[in-house]
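**Student:** Construct all of the structure, not just a fragment, from the sequences and the given hints.
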Amino acid sequence: MILEVDHVTKRFNGVAAVRGVSFSVPEGAIFGLMGANGAGKTTIFSMIAGNEQPTSGDIRFQGSSIQGLRPWRISRLGIARTFQIVRPFPALTCRENVALAVLYGAGQDSSPARAMRVAGEILNEVKLATVADEEARRLTLVSRKRLEIARALGARPKLLLLDEVLAGLTPMEVEAAVELLRHIHRRYQLTIVMVEHVLRALMRLCTEIAVLDHGEKIAEGSPQAVSADPVVVKAYFGAPQ
Amino acid sequence: MLSKRTVIGLLTAALLSIPATVQGAEKVRVGYSISRTGLYAVATPVQQQTYELWRDQINAAGGLSIGGKGKRQIEFVSYDDQSEPSKAAQIYEKLISSDKVDLLLSPWGTATHIAVAPVVERHKFPLIGSTASTTLVRDLGAKYMWFTEVTPADFGGDLPKLLGSIGIKRVAIIAMQLPLALETKKFLVPALHQAGIEIVFDQEYPPDIKDMTGLLTSVKGAAPDGVIALSYPNDSMLYLSTAREVGLTAKFQFLEIGPTEAFIQHKFGENLDGIVTIGHWSPDQKAWPKARPFYDAYKARFNEAPDNLDSVVSYMSAEILQQAVEKVGLNHEKIREAIATGTFDTINGLVRFKGATNVGTPNGYLQIQKGVPQIIWPDQIKTADFQPKGPWK
Amino acid sequence: MRPLHDVRIIIAALVTTAAVVVGVLFFASDYFIDFATSLAMWIALSESWTLLSGMTGYVSLGHVVFFGLGGYLTVLTFGMLPIWAALALSGACATGLAVLVGFPCFRVRGPYFVILTFGLSEFVKYIVVNVEARASKFGRLIFGGPDPNEVFLIMVGLAVAAFFLSYFIRRSRLGAGLRGIREDEIAAETTGVPVARLKLIAFGLSALIPGIAGGAFLFRSGYFEPIQAFNPSISFSMITMAVIGGTDDAYGPLIGAVALVTLSELLWANAPEIYMTVLGLLLVVFVIWVPDGIEGRLRNWWKTQRA
Amino acid sequence: MLSFQLLIAALATGSVYALIAVGLNLIYGTMRLLNVAHGDLVMLGAYATYWSFSLLHVDPLIAVPFVGLLAAGIGAAAYFFLFQHFLRTGSLTDRIEANSLLVFFGLSIAIENLASLAFSGNPQAYEYLDRVIRIGSASIVGNRLAALIIALCTCIGVLLFFRLTTLGLAVRAIIQSRDAAEIVGVSARKTYLLTFCIGFGLAGMTGAVVSLYSQIWPFMGFSYTIVGFVIIILGGLGNIVGSIVGGLLLGVLETFGVAAVGANYRSILIYGVFIAIIIIRPQGLFGTKSTAR
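Residue numbers (this note's numbering), protein chains in the order written: chain Z, 1 to 241; chain E, 242 to 634; chain S, 635 to 941; chain A, 942 to 1234.
You may find that some hints are simply not true.
Chain Z is nowhere near these chain S residues, computed Cβ spacing over 10 Å in every case [said to hold, decoys possible]:
hint: 1; residue: ASP640
hint: 2; residue: PHE661
hint: 3; residue: PHE666
hint: 4; residue: GLY744
hint: 5; residue: LEU799
hint: 6; residue: ALA821
Dumping the calculated BS3-like pairs for lysine-lysine here, alpha-carbon to alpha-carbon at most 30 Å [as the list claims (entries may be wrong)]:
hint: 7; chain 1: S; residue 1: LYS937; chain 2: Z; residue 2: LYS127
hint: 8; chain 1: S; residue 1: LYS771; chain 2: E; residue 2: LYS384
hint: 9; chain 1: S; residue 1: LYS771; chain 2: E; residue 2: LYS410
hint: 10; chain 1: E; residue 1: LYS540; chain 2: E; residue 2: LYS634
hint: 11; chain 1: E; residue 1: LYS531; chain 2: E; residue 2: LYS268
hint: 12; chain 1: E; residue 1: LYS268; chain 2: E; residue 2: LYS310
hint: 13; chain 1: E; residue 1: LYS402; chain 2: S; residue 2: LYS771
hint: 14; chain 1: E; residue 1: LYS568; chain 2: E; residue 2: LYS384
hint: 15; chain 1: S; residue 1: LYS771; chain 2: E; residue 2: LYS461
hint: 16; chain 1: E; residue 1: LYS540; chain 2: E; residue 2: LYS527
hint: 17; chain 1: E; residue 1: LYS310; chain 2: E; residue 2: LYS634
hint: 18; chain 1: S; residue 1: LYS771; chain 2: E; residue 2: LYS595
hint: 19; chain 1: E; residue 1: LYS531; chain 2: E; residue 2: LYS595
hint: 20; chain 1: E; residue 1: LYS402; chain 2: E; residue 2: LYS268
hint: 21; chain 1: E; residue 1: LYS634; chain 2: E; residue 2: LYS410
hint: 22; chain 1: E; residue 1: LYS531; chain 2: E; residue 2: LYS611
hint: 23; chain 1: E; residue 1: LYS427; chain 2: S; residue 2: LYS771
hint: 24; chain 1: E; residue 1: LYS402; chain 2: E; residue 2: LYS531
hint: 25; chain 1: E; residue 1: LYS341; chain 2: E; residue 2: LYS568
hint: 26; chain 1: E; residue 1: LYS427; chain 2: E; residue 2: LYS268
hint: 27; chain 1: E; residue 1: LYS402; chain 2: E; residue 2: LYS365
FYI, nobody ran anything at the bench for these hints, they're computed from the structure. The model shown is predicted, which means the values in this text are computed figures rather than measured ones. Note that CB positions come from ideal geometry on N, CA and C, so glycine has one too.
**Tutor:** Take a look at the structure:
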């Protein structure tokens, strides 16, 4: 198991956003976290990446606990995340955005020149080569989401956390993005955990899915099993359709 | 030797001095720097006005007499040093080497004078200092700089003599943490010990103090019969209003700088009566025939009385320069000689220098009585007797 | 990060500087040397300021504290230490102070950081005021320091050092990390940038040269008095020059300092009555209508010319 | 130690501090502009009151609201001529704190030097309500008491305005969240104009109040600006109540603190407490966590 989330709870001012959630992600998997808004998906990501500390519970990466580590340390261990509300470095070019991750991520490249070159290659992979030297703030939302992925890849992760990278895209764009994710999953031999509520894409991509509702895990299993689970259907789709 | 300076002199002359030569033939150019902006700007207008009065008086009388060979009109060249002493040093450098002024007047303030001293020494350009008071420069061994003002060693060291003569036994000292006040205090405290006057309270305060109630309440608690506030104008203002509120009624109350300032007189009116301050000049001293005319001319021109200290020492410095030039002309070496050895008749009596120090003008203290500053010490120049400070109104 | 360094530019800069220095030393008047010293000092100070504030976006309004501290240490050790040692000590202590106060200061951002740094510099100023008053000092005057030409050379050395420090950091891994912090600190940390450590390094580096410059300035003025030495307007001037020039590359503060020092020289000589007003209004106009600074404008113009 | 005299003095100093801070904080809270020219508006207000008193013989107490209106006019002009454009320019608002600091710093330099040209550097002061009034065991000069009362009433008035009126509510909504406020129909631009007027107007009124008991000179503003900033950081940016409490607190520190530790350490004490509070509570005494980031 590359990632083990073990009975993790997170309270904000006493209100539990995540309650005793556990799941494990095998190496090489594409693991889906599903749930309505406010189900606690992003909070779990923030805890894995070190942006938030769990109130209780433990998170292990490749067998050792990463509890209490600063985000940059976690990044250097090989975990990279994207943000649901994208946060590229607005005044830097796309190439610089990615190069920064190459310099400081798990790859720890020491040469800016080489980092810029590597960044170019990664931008190529995510089909952003044409805007490589545009400032990030001039990009469209779709491109910014890709840049977010490119920057995460620049950090040379073993585990990639994708936070709603498909949300807000048109069906055609979703199609392209799914292709892209498949491609990078193979190309970089990644384990991917993705939070999403675009259900169909999740079904197509994931090998395993966990479903969250109001901070608790209510189901876990293969896409088919999960989508058939009546608890999930009730929680997720509300009234039976 | 064709020195570096000669080459530069030729170059600058060629490039820059064309306008200077056109006007310079007619007028005597007198340069100075003054703080029009910044921390000191609050204190400098009186000095600037005094200079202007002097210039206009001379020009109205036909001009400055040059070595007895004809008169030339005076023209000022002045710059704002922004209350930054290092800027003032730059300005005197510029006045001397690029504006090529004929004569110099002094800037405002002790720190500024100190900064300017090395410049005039290097250029061997005589400068009579005025609104500066420090013993630091006395030890400089300056040959081209003199001071018309007495030093803090005098008005700190002499104060116990005044206190003794009026029977003050217990004093409280409060002092602003700025150079003049601290230097005065350094000379005051040992002199008080020597005179057997008890210091019942002693505290300093920073320049940005905004309220003195806490401080003066403590002073009052110590029950002194004399309060010595080594203050600057802004905090003198605070002292006066707060002393009234807390009911500080010591019969001797001394403020180092401020009580003679026009705005404080406007603000406090008769409540200023009885306050003692430094100063060795009064237009009422008959021994100085030039004093009253200066007072009247200043008042007529600016609609307020001249400052008993800053205006006076500035005017004196200008008078001395004027008399030296009248005697020997514009040659700097000769002017230096004339100032160092001569005796000069000024609005504050006869002045002569020993080293950089004015040994002609005695140190003294003023007390505001019925709105008018009177000299109350020493006896040989006093214009009134000390009166205990009455109750606040 | 900026494009990689260009050896031709570096050599050209060094040669030009050397030529200017020789020219000034042999041909300029004392007054001009004075002016050039002050120009070099402001280049050194504003370049140093951008190392922290231009690069990370943490605007320090208290940089004068390092300058004043350098001056204070130099006057304290005058006569006891050789000049170079006094200046080295000043620089080291300034850096030390920055790292020390950096720990608590970097807990806050934005305006909190701005005013906190201002408060810190005032705090240190009044401590020095009290220490000096306790020691019965009313300003300290020194004699026999290095002559104006030597001070000029020291300042030029500092200006060159500050420029290249700024130039190379902007092209280094460190510089990239700092810009990441400026753009989005959380994203940067998540991407692997050790933000806390980098901010301290930047603060320390940006304090180093102001500390030394404070010492060198003392030799020029010969007089130390804490209220002047820690005058907040020095911090404001650093910021003004850096912003007018532009903080995106090392050329910016250089251009800003040259423009402003020269302009104020011309103005106070020719229009003393209005010169501060003009400077103030220029600052307003520049920030609002030339927000990327002179350097940014020039760079854009250059781009369009070549395109 | 706990004397009534000190308490009155603390209130007199603190209430004026609070008034300065409230105006400054409004402009920061709504637009994130760091107005370092605030003290210069105080200076202009003080001069306006002084001139109207000494030339036109207008009672300073009557002048206070008119001086406020005048300063509000200047605020409106500043908004239309400078800050409307400023707030619309993305590259400026990206680093709005640094940029606004510089714009106002430039304005500050220009205002101070123009004032010194126009009014001369000579300090001014006038005699008004100059009787010592006894209140219980304490006494206070009439003009300081008047300043205390006006400052406190104005602070309370501002507070009520923001609690009770729709306009005030709009401003508070913008302080909370500009985007959310705009969604529910609050016009950010109108609110900005309004805050400029109120913020500058309060600065002018502060000047009128300060002129009652203090000396007036062109470069007096900076120290007021500094005090204002210290308070709004202490009280929390955008927090009006915090500013009022913070101002009074600083007044207490200034009087009781000095009485306790000695005047030598006055400034060390004030800045020390300020630094300590920011380090312990990065968001200020009354701020919420999010405002510190």
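**Student:** None of the hints should be skipped; say for each whether it holds.
**Tutor:** We went through each hint and held it up to the structure:
Taking the minimum C-beta to C-beta distance to chain Z, about 13 Å, the non-interface status of S:ASP640 holds against the 10 Å cut. Every CB of chain Z is more than 10 Å from the CB of S:PHE661 (nearest about 41 Å), matching its label as outside the interface. Its beta-carbon lying about 39 Å from the closest one in chain Z, S:PHE666 satisfies the requirement of being farther than 10 Å from that chain. For S:GLY744, the condition that its CB be more than 10 Å from all CB atoms of chain Z holds, with the nearest at approximately 16 Å.
With a minimum CB-CB distance of about 16 Å to chain Z, S:LEU799 clears the 10 Å threshold, and the non-interface call stands. Not every Cβ of chain Z is farther than 10 Å from the Cβ of S:ALA821; the closest lies at roughly 4 Å, contradicting the non-interface assignment. A hinted pair counts as satisfied when its Cα atoms are at most 30 Å apart, and S:LYS937 with Z:LYS127 qualifies at roughly 26 Å. Simply put, S:LYS771 and E:LYS384 have alpha-carbon atoms about 25 Å apart, close enough for the 30 Å limit, and the pair holds.
The suggested pairing of S:LYS771 with E:LYS410 holds, with an alpha-carbon distance near 27 Å, which does not exceed 30 Å. Distance restraint check for E:LYS540 and E:LYS634: the Cα-Cα separation of roughly 28 Å lies within the 30 Å cut-off, and the hinted pair is therefore satisfied. For the proposed pair E:LYS531 and E:LYS268, the alpha carbon gap of about 26 Å is at most 30 Å, so the pair holds. A distance of roughly 14 Å separates the Cα atoms of E:LYS268 and E:LYS310; the hinted pair therefore holds under the 30 Å criterion.
Proximity of E:LYS402 to S:LYS771 is assessed by CA-CA distance (about 25 Å); at most 30 Å being required, the pair is judged to hold. Of the supplied pair hints, the one linking E:LYS568 and E:LYS384 holds, its CA atoms being roughly 19 Å apart against a limit of 30 Å. With a C-alpha separation of about 28 Å, the suggested pair S:LYS771 and E:LYS461 falls inside the 30 Å cut-off, and the hint holds. A C-alpha spacing of about 19 Å is found between E:LYS540 and E:LYS527, which places the hinted pair at or below 30 Å, so the restraint holds.
Between E:LYS310 and E:LYS634, the direct Cα distance comes to roughly 58 Å. Violation of the 30 Å bound is thereby established for this hinted pair. As the CA atoms of S:LYS771 and E:LYS595 are separated by approximately 26 Å, the hinted pair is consistent with the 30 Å bound. Distance check on the hinted pair: E:LYS531 and E:LYS595 sit about 23 Å apart at the alpha-carbon level, within 30 Å; holds. For the hint pairing E:LYS402 with E:LYS268, the CA-to-CA distance comes to about 48 Å; that exceeds 30 Å, so the pair is violated.
With a CA separation close to 26 Å, the supplied pair E:LYS634 and E:LYS410 stays within the 30 Å bound. The hinted pair formed by E:LYS531 and E:LYS611 meets the criterion: a straight-line CA distance of about 23 Å does not exceed 30 Å. With a CA separation close to 9 Å, the supplied pair E:LYS427 and S:LYS771 stays within the 30 Å bound. Pair hint E:LYS402 plus E:LYS531 holds up; C-alpha atoms about 29 Å apart against a cutoff of 30 Å.
Our distance criterion of 30 Å between C-alpha atoms is met by E:LYS341 and E:LYS568, whose separation comes to about 22 Å. With a CA separation close to 45 Å, the supplied pair E:LYS427 and E:LYS268 exceeds the 30 Å bound. Between E:LYS402 and E:LYS365, the direct Cα distance comes to roughly 39 Å. Violation of the 30 Å bound is thereby established for this hinted pair.
Violation of the numbered hints given earlier is confined to hints 6, 17, 20, 26 and 27; the remaining hints are satisfied by the structure.
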